[in-house]
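Visitor: The lines below spell out each chain.
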Amino acid sequence: MIDFSLLADGGMGWLDASGPQSHLVLSTRVRLARNLAGRVFGTRTTSPIRLEILSQVEAAARETGSLRQATLFRLEQLDKIDRSLLHERHLVSKELAGLDGDPGVRPGSALMVQGQVGAMLNEEDHLRLQALRSGLALEATYQEVDRLDSELGQRLPFAFHPEFGYLTSCPTNVGTGLRASVLIHLPGLVLTKEISKVLQGLAQVGLTYRGLYGEGSEVVGNFFQLSNQTTLGKSEQELLDYLGKMVQQVIEYEEEARRVLLRDVPAIVEDRVWRAYGLLRYARTISFDETMNLLSGIRLGVGLGLIKNVGMYALNKLLIYTQPTHLAVAEGIAPDDPELGVRRAREVRKVLEDEAGRRG
Amino acid sequence: MQCTQCHEREAVIHLTQIANEQVQTLHLCEKCAAEKGVETSSNLGKTPIGSFLATMAVGETGTEDAVIPACTACGATLVDFRELGRLGCPHCYTSFQEPLRELLRRLHGSSRHVGKRYRASPEGAEAALVEQELREQLRRAVAAENFELAAEIRDRLKVHEENQGTGRGRSVS
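Chains as they are written, first to last, in the numbering used here: chain A, 1 to 360; chain B, 1001 to 1173.
Calculated directly from the structure, the hints in this document are not laboratory data. Heads up, a few of these hints could be off.
To be verified - Computed Cβ-Cβ distance ranges for the label pairs, DEER-style: (1) A:339 to B:1009: 31 to 39 Å; (2) B:1110 to A:333: 34 to 42 Å; (3) B:1079 to A:339: 44 to 52 Å; (4) B:1106 to A:241: 19 to 27 Å; (5) A:103 to B:1009: 17 to 25 Å; (6) B:1083 to A:313: 43 to 51 Å; (7) A:238 to B:1106: 13 to 21 Å; (8) B:1109 to A:81: 50 to 58 Å; (9) B:1001 to A:76: 19 to 27 Å; (10) B:1105 to A:69: 36 to 44 Å; (11) A:80 to B:1083: 36 to 44 Å; (12) A:264 to B:1083: 50 to 58 Å; (13) B:1131 to A:241: 28 to 36 Å.
These figures come from a predicted structure and were not determined experimentally. Each residue gets a CB set at the ideal place from its N, CA and C atoms; glycine is no exception.
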């Protein structure tokens, strides 16, 4: 079993709801895709090459301030439960963790984490550098990952083309290799049915969205990951500024939607919020998806000031700890045990009771 | 990810809609998306590789691809790229420069990187040229016993070297 105590905050400092706009924005992530010059990309790498890349990158990373003390996880040496835990903590992609079926975990797949900065090794690109922070903090998050990139760039031969920039396995990432994403909660826009329009608008201005777990994942609990679609032809700063501006706009739309809801249909909104709270407070068995959707209702209630005895940090932690693998490990049962729903309902009740007790 | 409609083809369109106040994401293949009336052409940005491949469909007969030889470094071909949506190695960007430049313009609206530059990159090579040039000027200044100019060039060299750091000239394994 992985010892998460090796990681500061269990690798989840980004959950503490301390960042700017954390009533709506859960976290900000910035990743940079990098590859080593003279090496085939991830899809064509063989096991020996992948192991060479791992040792070359690890050695270089140990010389940097950003990853000197990093914890290294070798994915192929971990069992499926541990790999799922890392994925549920948003530290590795499903692909790197070998959780999306064939071909399973590939040799040399690794994660290095130190504080809020990390690197996935031997993913689709040789290196996926990332930083994660609480709330809307594009600039600070980028600076952290940029520092790591500069430190590694002094020690590793990155594949770079004078015209195309940093070269990546998929041309959708080439240039800056930068993908910045903001995980934002938009129940107001979903309730007012404005969300489709907003998402379409974002697509038209070159932004995209994904679900809670990034690429290819479903939207659950009204959480959307908004990110830049293009990576080439604009500087890192321009990409970040633009995304930040658009996210700010989405925040304003969401706040406006909430105002309209409270003004026009206050009884309906209050009813939804309190029903969500009531269900979670008293349910005896519950699925993860239903938990997420009801937690969205409570989160909205907290944001609107209707629910005063639940903290955002507690809600954020529930997002992680009610996931199948985290819950199963905590309860000492298998992730596919039918008892899981019962345990989940109990855990949620307990957290809400504790919060109510603490906050009166 | 499989198409949630036909469960046969790969999903390329991810459509979020609201039904009964719940957000639903549909994952559809090109065909099912078209049947549902989803305008796939407006999703250019969403399935960039798919639309690129469509524009290059003319090459599927083999005539176009035959003109562009495989990557000299890794042996990947444009057909491989079409199938995988992934390039074989960094050198593919040089081997397939022409079609890629067109693709990048369509994907990103530009094919020219304007962001952070890698120091050991061809820009590093540029820096090496600058250094070479300065050293040549220094040699000439010393030979002409123009010591004032030589001192100035030496200062410029020093600043230049400090700016470049130690990140240049590594060999690639």
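Visitor: For every hint, state whether the structure bears it out.
Guide: For each hint, the structure was consulted:
The hint said 31 to 39 Å for the Cβ distance between residue 339 (chain A) and residue 1009 (chain B), and at roughly 37 Å that hint holds. In this structure the hint that residue 1110 (chain B) and residue 333 (chain A) lie 34 to 42 Å apart at CB is violated, the actual value being about 53 Å. Residue 1079 (chain B) and residue 339 (chain A) have their C-beta atoms about 51 Å apart, which keeps the hinted 44 to 52 Å range intact. One distance hint, 19 to 27 Å for the beta-carbon pair residue 1106 (chain B) and residue 241 (chain A), holds here, with the actual separation near 24 Å.
Between residue 103 (chain A) and residue 1009 (chain B) the beta carbons are some 21 Å apart, a value that agrees with the proposed interval 17 to 25 Å. About 46 Å separates the C-beta atoms of residue 1083 (chain B) and residue 313 (chain A), a value consistent with the hinted range of 43 to 51 Å. Taking 13 to 21 Å as the suggested C-beta distance range, the pair residue 238 (chain A) and residue 1106 (chain B) conforms, at roughly 20 Å. Between residue 1109 (chain B) and residue 81 (chain A) the C-beta distance comes to about 44 Å, which lies outside the given range of 50 to 58 Å.
With their beta carbons about 24 Å apart, residue 1001 (chain B) and residue 76 (chain A) fall inside the hinted range of 19 to 27 Å. Between residue 1105 (chain B) and residue 69 (chain A) the beta carbons are some 43 Å apart, a value that agrees with the proposed interval 36 to 44 Å. As the Cβ distance of residue 80 (chain A) to residue 1083 (chain B) is approximately 29 Å, the hint placing it in 36 to 44 Å is violated. The beta-carbon spacing between residue 264 (chain A) and residue 1083 (chain B), approximately 52 Å, falls within the hinted interval of 50 to 58 Å.
One distance hint, 28 to 36 Å for the beta-carbon pair residue 1131 (chain B) and residue 241 (chain A), holds here, with the actual separation near 35 Å.
In summary, the structure is inconsistent with hints 2, 8 and 11 from the numbered list given earlier, while agreeing with the others.
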